[in-house]
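For this one, chain G is given, so just place chain B on it according to the hints.
This is what each chain is made of:
Number of protein chains: 2
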Amino acid sequence: MLSVPLRPPVNAPPRIIIEHPTPAVDGGRYAAKRCVGDRVEVGADVVRDGHEALRAVVRFRPERERGWREAPLTPPARGSGSTRWSGGFEVDAVGPWLWTVLAWSDPFESWREELTRKLAAGERELDSELAEGAQLLAAAAERAAGDGAGDDLEAIARAQTILESPASSFEERDDAALSPAVAEAVGRHPDLRDAAELERPIPLDVDRLRARFGSWYELFPRSWGGFRGVEDQLDALAGLGFDVLYLPPIHPIGVTNRKGANNALAAGPDDPGSPWAIGSREGGHTAVDPALGTLADFEALVVSAREREIDVALDFAINCSADHPWLTEHPEWFHHRPDGTLKYAENPPKKYQDIYNLNFDSADWRGLWEALRDVVRFWIERGVRIFRVDNPHTKPLPFWEWLIRGVHKDHPDVIFLAEAFTHRSLMQALAKIGFTQSYTYFTWKNSRWELSEYVRELADGEEREYFRPNFFVNTPDILTAYLQEGGRPAFEARLVLAATLSPSYGIYSGFENLEDRAVAPGSEEYLDSEKYETKARALDGPLLPLVERLNAIRRASPALQRLDDVTFLETENDALIAYVKQREENAIVVVVNIDAANPQEGLAVVPHDLGLPPSFTVTDLLTGERFAWGIGRNFVGLDPAARVAHVLQVTT
Amino acid sequence: MLSVPLRPPVNAPPRIIIEHPTPAVDGGRYAAKRCVGDRVEVGADVVRDGHEALRAVVRFRPERERGWREAPLTPPARGSGSTRWSGGFEVDAVGPWLWTVLAWSDPFESWREELTRKLAAGERELDSELAEGAQLLAAAAERAAGDGAGDDLEAIARAQTILESPASSFEERDDAALSPAVAEAVGRHPDLRDAAELERPIPLDVDRLRARFGSWYELFPRSWGGFRGVEDQLDALAGLGFDVLYLPPIHPIGVTNRKGANNALAAGPDDPGSPWAIGSREGGHTAVDPALGTLADFEALVVSAREREIDVALDFAINCSADHPWLTEHPEWFHHRPDGTLKYAENPPKKYQDIYNLNFDSADWRGLWEALRDVVRFWIERGVRIFRVDNPHTKPLPFWEWLIRGVHKDHPDVIFLAEAFTHRSLMQALAKIGFTQSYTYFTWKNSRWELSEYVRELADGEEREYFRPNFFVNTPDILTAYLQEGGRPAFEARLVLAATLSPSYGIYSGFENLEDRAVAPGSEEYLDSEKYETKARALDGPLLPLVERLNAIRRASPALQRLDDVTFLETENDALIAYVKQREENAIVVVVNIDAANPQEGLAVVPHDLGLPPSFTVTDLLTGERFAWGIGRNFVGLDPAARVAHVLQVTT
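Read top to bottom, the protein sequences are chains G and B. Counting in the working numbering, the first sequence runs from 60 upward without gaps. Counting in the working numbering, the second sequence runs from 60 upward without gaps.
You may find that some hints are simply not true.
Since the list gives no way to pick out one identical chain from another, each pair is judged satisfied if it fits inside one copy or across any two copies.
Claimed, not checked - The calculated lysine-lysine pairs, modelled on DSSO-like cross-linking and capped at a C-alpha distance of 27 Å, are: (1) Lys177 / Lys410; (2) Lys402 / Lys177; (3) Lys410 / Lys594; (4) Lys409 / Lys177; (5) Lys468 / Lys409.
Don't read these hints as lab results, they were simulated from the structure.
Isolated chain G (complex conformation):
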């Protein structure tokens, strides 16, 4: 037996379903990322029973604004069977945005379509239909009047009169009913009673341009004469085309268990220690290492850099040396063993005896969160707008989500770069919960197959909506075997690949000097690593002219300022990797010989579907040479003795 049946809902539920909005991350659970000035191309399926004509708009606003802005959406092509509406809007402010789709039925348009089909079928007994149309126009006229739209009201009322007048001829009434101008006037005053919206607005995080596009240079200030010495390099760095100057931690360095040269367990009296062993009697995360200068010097550096449109990026490393003030002020924030001893950082068999991790499972985790927030706040107040976050993947995701969201509330222009090398899901999770950019596995992708697969992974699918890679060619921790073995051609190849594949890329000082000696065979650690020593550095490396040229090309080429506009080309030679990047009128073809040791010849096969003309000229932006190319097979040969890469601009 049936139990008492369910009653219908009190209000009629919307007959229209709107679904599958793009761009959306996990169906809108997380925000997609865009930069200010971007046009956001949106799409959604609008589904309704029956054959009613539909209308849809995208509504969008910065989260802080009250009212929605609105832009029209284009319906799917007639007869395509598609239900996909599309359109877009420009984001003109940084910070969180929301957007949604609103759709409604258009009975007047449905009526027009039906009438058109009947007329086409030769029907002429349409009095009843025309009376229906007049009724719809009367309702539209009322809405136009309510909207105070005099011109529309007049146009609608005139058509209504013709439809209703027995004096009108069939043709007159037909003309009035089907007039596009009348339909447009009606469309401007929709009946929204049956309108439906997306289940929830879709979040969108809008950053400043630097979040997507920038050339990074990393240096240890102690090797350049401290903050003042670094300040002296700003003109040169600006001239080389760098946008971001990234400094490893600038705080006082611990003395207890300080590491010596080449990671020796015991430091000599003059060894400066690793800057990641943060904290000494001179202070912790909000102090500066006196060896580098004063806080005022640092602030002056930030200001000078900003004058040259360079951001100073600080390292945010949640570690403490044994001498960090927090160890005595907040012992409860650290891991203790049952015997009471402190647990230093380790990732067996690796040991970091000079570093203690904070314990996020501490009973006072809230106090710890607040202290870390205050650190970030401290540096923001001193002008810093970019943080390179050390090992974020070993701290709780909810902490980052809270921290980044909180910072962005007041400073939406702050950029967080995740230095995470871990499994893909966790790297994606960090990006989803708020990290602006991330380190990547680019460093270890050397073959044509690895590179193209990895870049496609980043550039295709949903990941491109929220995960922004930053391709570093090296770091103080990573001197790859490819660089150790390949000599200058290897350095050049990696530089060209990083600078042209990824809109954000970076160099750690020394790369341009072709530094390639590892501390031991099979190790990726530098010999006499700058992590434990002070070097005498200068901007005099042999690769700097190429760096300067590439940075200039990047700034002049919109296609190189995006990730997802890449198409890899068949080369018929695995030692040659080739790809096209296209952005509106700008098309750049890059060919790199990744075999550092030998000349290689092959093809760059340009497919039809890129939309390039059958034949065109390419200009090598590195050399100025010009070549005649076309759709199909184009010969390429690169001898590392002379050059490892073409960076070709298509001119038609």
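Just chain B now, kept in the frame of chain G:
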């Protein structure tokens, strides 16, 4: 200036994120579909910062049950970089189910892994580590005691004692710490304080088997002597292997504007009219056409059919003839023109002058919903458990969602088949909101390319989780050009394709008699269509032996009872379509010559990755012949004069 910063949350948010559950439809917005007895294979990404060992289980229950049932999940393979956990559970009851994933950290396992790595690295100063382990064991022992698990408690406490005793040797302590038995005992009493769950439980609709697998036969009872005459055919239908007997509407047929033979506008005095023009002075949707018998006769038919394990499926068509009682009882439920006239159904230039649609925008839409619910309830109370719903895509989606959910609350065994031919999104939407099965575009997919593309569309991706096709070879409305032109071989080819590609398929009476004459060139309407006439029908068509054989093969072949286990094979001849269906040990290869006019030769190329042995025997289940086949190319030739298809069972 920074405003007052956000405070941390009061409770520590979970450090574990669980995401991307499968099977899920639109991220869990809609239910995936399964049948009772199925094992539901589930997966989810479990992501946590750091390197903690994790545990996860799937929790599941029928929606009505209170407590969760639980099954373990298998972690991703070590070193795979994957975060995907997988497992499954069996659904043993029809109705709505829910499932979720619960995951937590396992500090003892993390500690064991770290200790193992340290021992492997040759470390022996591990007192501090072993003390930590003892502490973890003490906590586990407490939980085991709380759970009343004496054996586990004992095993854990013993290991703890060894670890803590200064008398134990290093090896003894090491053994105790790393014992898998101890780890398992600890694992049985987890500390769930940091456990995380999916954001929301994932819905799953579990139907009876007929929802997925069944052979349908459609007939007009008036051509078989009414309900009693149909009852006389049940033994024969059961013998042919049919599971569902589908009847077009059985209600009184309108007299006003009744259609005559071949859709003539005026009916003759003896014309019975279209059964879809429902309602007369004799009643509406809850009455039966007296020409077919009485309600008691119908009920007897349903009972007799059930005795033979045949379901009687009723047509649920929300139309009314001009004589339907609702037109006078509820005129407000219908579309009226401004001049007061009723609007009959039309889809210009097509007109259905004998039918009036209900108006779901009526002010009394709630009354209409209730009346329609009562119609369905009426027939359920008379034993009907399958409804073939006419044109559901022209009625509001929320109405269907409400109706189906309401019916399933008391009768989860009721099946709703959507007779929808419309754009893909709307067909998908109907399936998502509750329709058990759907008509498809199979009827018009004739070429090898069209068929394989269409079936892959249904079998791949998320659609297979909720959209169950029913492949009808013909309907009273659809006699395709392929059948009109191809003669018996075309009928045989379509029959084999429908019966072997789709677990649910159907035949409309007359197909087995090779009826192939259309009312006019270019039309898909039958000449002298049974929609407007009474025929003298009998189960005597020449195709019935093939139908009987195919239905028997289907029942004996698990591989043919699923959709998504299909792999299309290269044939090197577009006139030959070949596919394998595999389910556990059962593998069926089907080859069909879709060129009805000519003999065709080609190959069936069996790829390696199907897991079949290098060589094997195939037995043609239609003829009993045996052939030696193998991985790679197998010759096939089919001459329509003799046969159009192989249905081959792999025997190894």
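We went through each hint and held it up to the structure:
In this assembly of identical chains, Lys177 and Lys410 lie within 27 Å of each other by CA distance solely across copies; the values are 11 Å between and 82 Å within a copy. Proximity of Lys402 and Lys177 under a CA criterion of 27 Å is satisfied inter-copy only: 15 Å between copies versus 83 Å inside one chain copy. Taking the shortest Cα distances, Lys410 and Lys594 sit within 27 Å of each other inside one copy (25 Å), while across copies they are farther apart (89 Å). Taking identical chains as interchangeable, the C-alpha atoms of Lys409 and Lys177 lie at most 27 Å apart only when they sit on different chains, with a minimum of 9 Å there against 80 Å within one chain.
In this assembly of identical chains, the alpha carbons of Lys468 and Lys409 never lie at most 27 Å apart, being 38 Å within a copy and 59 Å across copies at closest.
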